[in-house]
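A.B. asks: Residue numbers (numbering that gives the first Met the number 0), protein chains in the order written: chain L, 0 to 247; chain G, 0 to 225; chain F, 0 to 353.
It is worth saying that the hints were derived from the structure and are not from the lab. C-beta: ideal position from N, C-alpha, C; glycine also. Check before you lean on any hint, since a few could be wrong.
[To be verified] Just a sample of chain G residues kept apart from chain L, beta carbon distances all over 10 Å, derived:
1. Phe11
2. Arg36
3. Pro57
4. Arg81
5. Phe87
6. Val202
[Stated by the list, open to error] The following label-pair restraints were derived from C-beta to C-beta distances:
7. G:Ile54 x F:Arg19: 52 to 60 Å
8. F:Pro120 x G:Gly39: 42 to 50 Å
9. F:Asp157 x G:Ile54: 27 to 35 Å
[Claimed, not checked] Some chain F residues flagged as far from chain G (calculated, every beta-carbon gap over 10 Å):
10. Pro8
11. Val76
12. Leu92
13. Thr112
14. Arg116
15. Gly128
16. Val158
17. Val164
18. Leu236
19. Ala241
20. Gly242
21. Pro258
22. Thr267
23. Arg297
24. Val308
25. Val325
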Amino acid sequence: MRALLFVLLGLLSVPRVGSGEEVTVFAAASLADALEEIARAYERSSGNRVVLNVGATSDLARQIKAGAGADLFLSADRAQMDGLTEAGLVRDADRIELLSNVLVVVVPSGAPTRIGAPADLARLGRIALADPEAVPAGVYARTYLEAIGLWSSLRDRVVPTLNVRAALAAVESGNVDAGIVYRTDAALSRRVRIAYTVPPESGPKIVYVLAPLASPRKGAALDLARRLAGPEARTIFEKYGFQVLAAR
Amino acid sequence: MLSRDEAGVVLFTLEVAALATVLIFPLALAAALGLARYRGPGKGALETLLSLPLILPPTAVGLLLLEAFSRRSALGGWLAARGLEVVFTWKAVVLATGVMSFPLLVRSARTAFEDVDPRLVGLARTLGCGAVAAFFRVTLPLAWRGVLAGTVLAFARALGEFGATVMVAGNIPGRTRTLALAIFHDSQVGRDDRAVVLAAVTVALAFAALWTTELLSRRLGRRSEE
Amino acid sequence: MIDIRVEVPLAGPDLRVEARLPAAVTAVMGPSGAGKTSLLEAIAGLRRRARGRIVCGDAVFLDTERGVDVAPERRRVGYVPQDAGLFPHLTALGNVRFGARGDGGRVETAIDTLDLRPLLPRHPASLSGGEKQRVALARALATSPRILLLDEPLAALDVELKERVLPYLMRIRDEWKVPILYVTHNVGEALALAGHVLLLRDRRVEAQGPPLDLLSSPGLSVEAEAGIENLLAGRVLAHDAAGGVSRVELQGGIPLSVPLAATRAIGTPVMVAIRAEDVLVSSAPMPGLSARNVYEARVEALEHTGIDVTLRCALPAAPSPWLARVTPAAVQALGLKAGQPVWLAVKSHSVRLL
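Chain L extracted, bound-state conformation (with noise of 0.2 Å):
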């Protein structure tokens, strides 16, 4: 009988992927997918695992504040990512602004909903959006819509939520009329059509940013964030649709 719970116990206490470290990271939802290729190569190549925590990326940053660790913070804006680097959790000279994104408006794809211009929004019922108050999918959206005028006569027929991913699936549900995400977002669901794309000129400028925590500053955590900016990775970013910006 001990020798089987010593046997269980031995079992799970071997890692999975060779005996490297393991790197935390905490990134934006818009990211998941391309993350996801991204840390399998890695964890190939390195021996170390990696745990992605993707979700809305104001959300991660109070977690990060409230102690959660993470060792890698892949923020979707720079706003939540100042708010860490005041806090004294990230320094400033690792800070890497690496992706761009577009914003499009989606509906469900049986939809015959037509947008020429950002006032045809107006039509529109029911809208979701990513929480304006706090995640940048949403700030970026109502940015934009302020700037054009139109927050205020919108804003009542917005159904916030709590990322851009949900902000996706309500459109893909058929429940909301239509949704703001990112264009790489949109290029991913075959519920969705997009059917204005906000040229990036009038449009808020979205930056992704990355920046490992200054501490516990793991090795293999600084390793991760190099690679991430690094060639293979841009290959893979850029396949899914995020514009790479140039490398620091």
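Knowing the structure of chain L, use the given hints to seat chains G and F on it.
C.D. replies: Relative to chain L, chains G and F alone:
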């Protein structure tokens, strides 16, 4: 102490919880009565089905409701065609809180009904009461304490409902944001100080609800014993 | 006339009863489990799976062949269970009024018949067993029932209470003209009230007929109960105020002195109750005895009832034997045995007028 929006959230939460309780009340009593009396086949399955919202994770219940009432579903589509939107509206809040509170009321009421001597009901029948009259003149008056306790419990549960509500109604400010959802949102956007204030309000409300039951139960109980 | 041909599925054997009940009061008797309560419930309509035919007077309650099964609330049956079954959340008045259909008159009459006026504002929890029974009876009567079904109404009462409630039952029988089905274990009650007896055993009818025939014939097992054992019918003869006694003539011409009851008119029928333990037995005549009532009798049988011995004594001309209870020591001392002539004595104070 509370901003105008926050006060609105409190009022909205009370209204929705009250409406949900009122709507489930007759259904729950009927179910409780049925469970108390029915002795045939399928009773166990029915009991389990009615108790599901108690043991399932609220998010699972919310998901089921979302699937059932989504515009793409048969039911949701039918309602939408008649101009009745449920998902992401206050109606979904009432629906979610009602469904989650339902089994609590059924349980309390059922125990209360089972405690009523069935012979007394039979006697009432011989004295000229139909089945319905016998329920209102004998069973209910004798079971009122349990029914009241169950109702307050259901109301208090409705006040605090979160998981199912957030799934099927969303957290839309001014539309579907209840106290529980507001607490969550405040903490999400870094306003922990307001979240704590709202949490304190929830505690106060729950306390008031339970205290009122105690008072009512004692005062009404005393009068009927004189 | 109550016509019953009914089959009721029960746990264990089904109840099967076929009976025609002619009299105003029918006593339903038999051992526990014989089906007496189930029969009453079937007549009341509380046994929904009963099949057959039940007719009460001109009202058809049940006729399975013709698809008739009247709901209990429409049968107008007055059912009084063994423990009264009062509604605890209502006062006595509330209980009595419960089934009355706007007919205040019947309610008042029922209250008066059962002397309930002082009890009306009280709740059942504060009433004694006898008071509860009276309220339950009034409650049943207030609905102007077609038939009264009483399930051992006196069983839960002690001897004194029994004697107090029994007259009310007789009053109901005499004044309300409602047929009564009366379940009891007690031979005395059956004799006092019933014109017809239905004996049940093992969910079947064992016998039915006039009470004296059924209850005195040997071979029929009926559980008699300690309590009022001598219930005798008679007629008021005269009052002797100076002497403090009234004189009653029992059936068979037997004279009996009872405590003065001047309120009873001469010639009115009465029922008298004498406890078996109040009957003195002597193996020799007893001159100079203060007891006014002394009779010659012959011991028919001795029966051991618990620690004591009950003697069944036949008086000449009396329609039914008298019961006397003595200790085994007395039996030995007097050498009592069947067939022996004895003298019975009863003080007038031991006689209760019903």
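A.B. asks: It remains to establish, for every hint, whether it holds in the given structure.
C.D. replies: Each hint, compared with the structure:
no., hint, result
1, Phe11, "holds (16 Å)"
2, Arg36, "holds (40 Å)"
3, Pro57, "holds (15 Å)"
4, Arg81, "holds (16 Å)"
5, Phe87, "violated (5 Å)"
6, Val202, "holds (22 Å)"
7, G:Ile54 x F:Arg19: 52 to 60 Å, "holds (59 Å)"
8, F:Pro120 x G:Gly39: 42 to 50 Å, "holds (43 Å)"
9, F:Asp157 x G:Ile54: 27 to 35 Å, "violated (53 Å)"
10, Pro8, "holds (14 Å)"
11, Val76, "violated (5 Å)"
12, Leu92, "holds (14 Å)"
13, Thr112, "holds (18 Å)"
14, Arg116, "holds (19 Å)"
15, Gly128, "holds (17 Å)"
16, Val158, "holds (27 Å)"
17, Val164, "holds (19 Å)"
18, Leu236, "holds (43 Å)"
19, Ala241, "holds (51 Å)"
20, Gly242, "holds (49 Å)"
21, Pro258, "holds (39 Å)"
22, Thr267, "holds (34 Å)"
23, Arg297, "holds (48 Å)"
24, Val308, "holds (40 Å)"
25, Val325, "holds (42 Å)"
Of the numbered hints stated above, those contradicted by the structure are hints 5, 9 and 11, listed in ascending order.
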